[in-house]
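A.B. asks: Chain by chain, the residues run as shown.
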Amino acid sequence: MAKLKIENLHVSVKDKEILKGLSIEFSSDETIALLGPNGNGKSTLLQTIMGNPNYTIKSGNIWLDDKDITKLSVDERSKLGLFLGMQYPSEVPGVNNSDFLKSALNAHREKPVSLFEFYKLMDNAYKKMHIPFEMANRNLNEGFSGGEKKKNEILQMLILNPSIVMLDEIDSGLDVDAIQIVANVIKEEQVKRGFLIVSHYAKLYDLIKIDKAIVLVDGKVAKVGDKSLIKKIDEQGYEWLKAEGVEFKKDESMNSVSIGTCATKEALKGAK
Amino acid sequence: MSCQCIKLKERESRVLEYTDFSDLNIELLEGSKLVLKLANFSENSDIKIYGKIRKFAEISIVFADFSKNFTKISSQIDLVEEGAKCDWHLATLSNKKDSKVFDISFKHLVGKTTSIMDNYGVARDESKIVFSGVSHITEGAKESNAKQNAKIIVFDKNSQGVASPILKIDENEVQASHGAVVGQLNSDHMFYLMSRGLTYDEARMIITLGYLKPVSTQFSEKTQSMIENAIKEAM
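In order, the protein sequence lines correspond to chains F and B.
Throughout the first sequence, residue numbering follows the working numbering, covering 1 to 272 in sequence.
Throughout the second sequence, residue numbering follows the working numbering, covering 1 to 235 in sequence.
In isolation and in its complexed conformation, chain B is listed as follows (with noise of 0.2 Å):
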């Protein structure tokens, strides 16, 4: 598929949202904002997403991910001038026998840049997420802000799920955190939900939708519709 680009013109504001597309190219030029809602529904994907942020530009990316079989989405964003944002949101859900991997990459190239990433996954049955992608900031760029936090539920006993995320600091006066954690679906929340007469698959669902909320919620209510039939497909 051929590669789309978006570019922003200075202090332009923007919220696109796409259901079908292929690899984007985006620039946002000093200034600028631009909300990019995306959600994949397609089978076999190998998406590669690239960006250019540049001064006191933001770019907030929520990515929604209800592909089938195999997924590839690379993401490499740079922060290339003073004050340049990215904010990374994701919600994935793998069953059967998927096998999607998110490579979610930023570089802080300058000072005062930020990169926040927040992934969530849930995987059943066969299925295997993996999370992984370096937030590195470069020498130089001091004052820089750079956050990673990646979840994945595992439902199953031949579910995998792998989120291995790295920071990299080449700089010292800089902030950085990093949280990573694959677990299996809380004991205690299943036992409250089905004591309240929901069956298995009944609180297995309600924790699913509760969990990828924070970013279902974020689409248009044509997409949300969608996401919450394909996680109703998935379980």
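Next up, chain F with everything else stripped away, as it sits in the complex (with noise of 0.2 Å):
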């Protein structure tokens, strides 16, 4: 069972700090719901986990195990099992699907996947996730819907096996349908796997298993609870919190992120 561990961690994008002193801690077989008004830290969380160059670690520690991952590239962290599921995967022109997933595949083996073991996996991966196997031929997201990029995002999760897996609004942009296809392979995958998932919505969370639920505000752990929670904040919002004592900065420059946007989104508009 592996054991991630968040300890004090502050974060910045472009020298504006967003996480400020998070700890948080979670195995293999639990199941967390991340949650928080937009522009909080929630996707800062899961790329600073992942090792996004773009998020500077100012200090704390990202502790995989009894392994220190802090300043360990985005490939070994990759190796080491973790995995992230993007909000906005990324289109890379005339790479091959299928092509990618084998490299990506033998990246954390020692031996080459066999073509058969390897069509095994892809035929049993595309089946679950209810996605035409024409679409191994594809170019790496290149004219996917939306809907089809994140159910992508999920494939690659069984084809690669991590051990904890993070997903970033794997719900947005998704239909009834899809979600229900979403939700029942986490569900399944729960038991094999810990899943760290971040959704603004109480469906995809009602349709699973969860073992806790995490608020973050100002880039902090501001509220831990169980399944209720969620519920409280579907019906609620945030705002109960403040009557609680938890603190919502109010911060100029974050005054143009309105619902819809992520706060590390806005801040990198200037950085590229």
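If you are wondering where the hints come from, they were derived from the structure by calculation, not from laboratory data.
Source: prediction; values computed, not measured.
One or more of the hints may lead you astray.
As the list claims (entries may be wrong) - Pair by pair, the computed Cβ-Cβ distance ranges are:
id, chain 1, residue 1, chain 2, residue 2, range
1, F, K203, B, Q160, 48 to 58 Å
2, F, K16, B, G179, 30 to 40 Å
3, F, E117, B, Q76, 49 to 59 Å
4, B, P214, F, F133, 22 to 32 Å
Even for Gly, the Cβ is constructed at its ideal location relative to N, Cα and C.
Two chains, two separate frames, one set of hints: put the complex together.
C.D. replies: Here's what the structure looks like:
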């Protein structure tokens, strides 16, 4: 069983501090729902755990079991069993989906996968995700609809078999049937791996087992609870947390961030 | 090296593929069609291509350049009669201290003629790629169509890319478009690929293969494998 430990993490994007001393611990037999208003650090946390170089760790550590992975490269973290299902999966021109999956799979193994084994894995994953097998020959996410991209993320998870899976708004862009397909797969996979799931909608959380719900506000853990916390937030929003003493920091540079916008995406706009 | 002449008779169709070639002089007579696939693996190449395309004749040139050191490719295609068409697709990869110049020009001498140019390049290490040339629609060449598209990815701090093809239009009733981009490797693509376990070098390789794929896949299997080897060697 793998254990991920985030210890007093301070993270900045373009010199703007987004995570302000965040600590979370969870293991590969748990599923955590990560909630919080827009622009409060959920995506930043996931991207930082995966090692995105656009996010600078000012202090704190990330441990996977007994290994400090704070300074490891992105590919090394993947090889140790971390997986991030992206909010905006990249379209990579000319890179064939199937060739890419084979290279990615081989990167996790000592011996290259045999053609037969690879075919079996692919066939199984495509069937589970209800994706036509022909899409394996298309370019990676190129011309995919929003929903197809998200399903393709889960498909990659099935192929790569990670121990800790982080899903960043995997349900956005999915229609009702697709949410059900994704939820069914997550439910089936929860016995094999841990999930850290960011979503703004209770629908996905309703369909899967949730061990813990964590609310992030202003880059820190503001509230921890069980599945009932998700229900309360779904019905009442986040305002009630103020009465419990949670501080929602008013930040001028965040004024441009509206619902549906990610704070880090805004912050990165000027960086590229 | 001597000049090689390719002449197609009226309404003749041919597909030719060369991995070893010198200067080329091409003439396509009325209604003929030529697909010319050129893969250049030589060292210090200075190659000139001249083409004269006649009535409703069409030439498609697919050029894969994996040459080394100094490379100068000059191409001048004249569209001399109505309905003449040229498609030009180039992919090139430079590394170490390579210096490569591609001067690709088209002249629309009469109306209803078409030229399409797609140039893709990847420059790494201290190498340099230049895409230049002129698509010229002359006076009176009404209803002609010229498109230019040039893209270069510069991989490293000291790699250079210059994409400056020129459109010269001396007639009003024409369609013309022009796009030139020189940029660095997309950091989001790199993060995405690496998050699936590919190393930095593997991710760069897979992006390069994908970027050059529209041209490399046009060749025979044998040449494709030579191209893949050349890319692996250069990366």
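A.B. asks: State for each hint whether it applies.
C.D. replies: Here is what the structure says about each hint:
A hinted range of 48 to 58 Å holds for the C-beta pair F/K203 and B/Q160, which are about 51 Å apart. Take F/K16 and B/G179: their Cβ atoms lie about 34 Å apart, and the range 30 to 40 Å holds. At about 53 Å, the CB distance of F/E117 to B/Q76 agrees with the hint of 49 to 59 Å. In this structure the hint that B/P214 and F/F133 lie 22 to 32 Å apart at CB holds, the actual value being about 24 Å.
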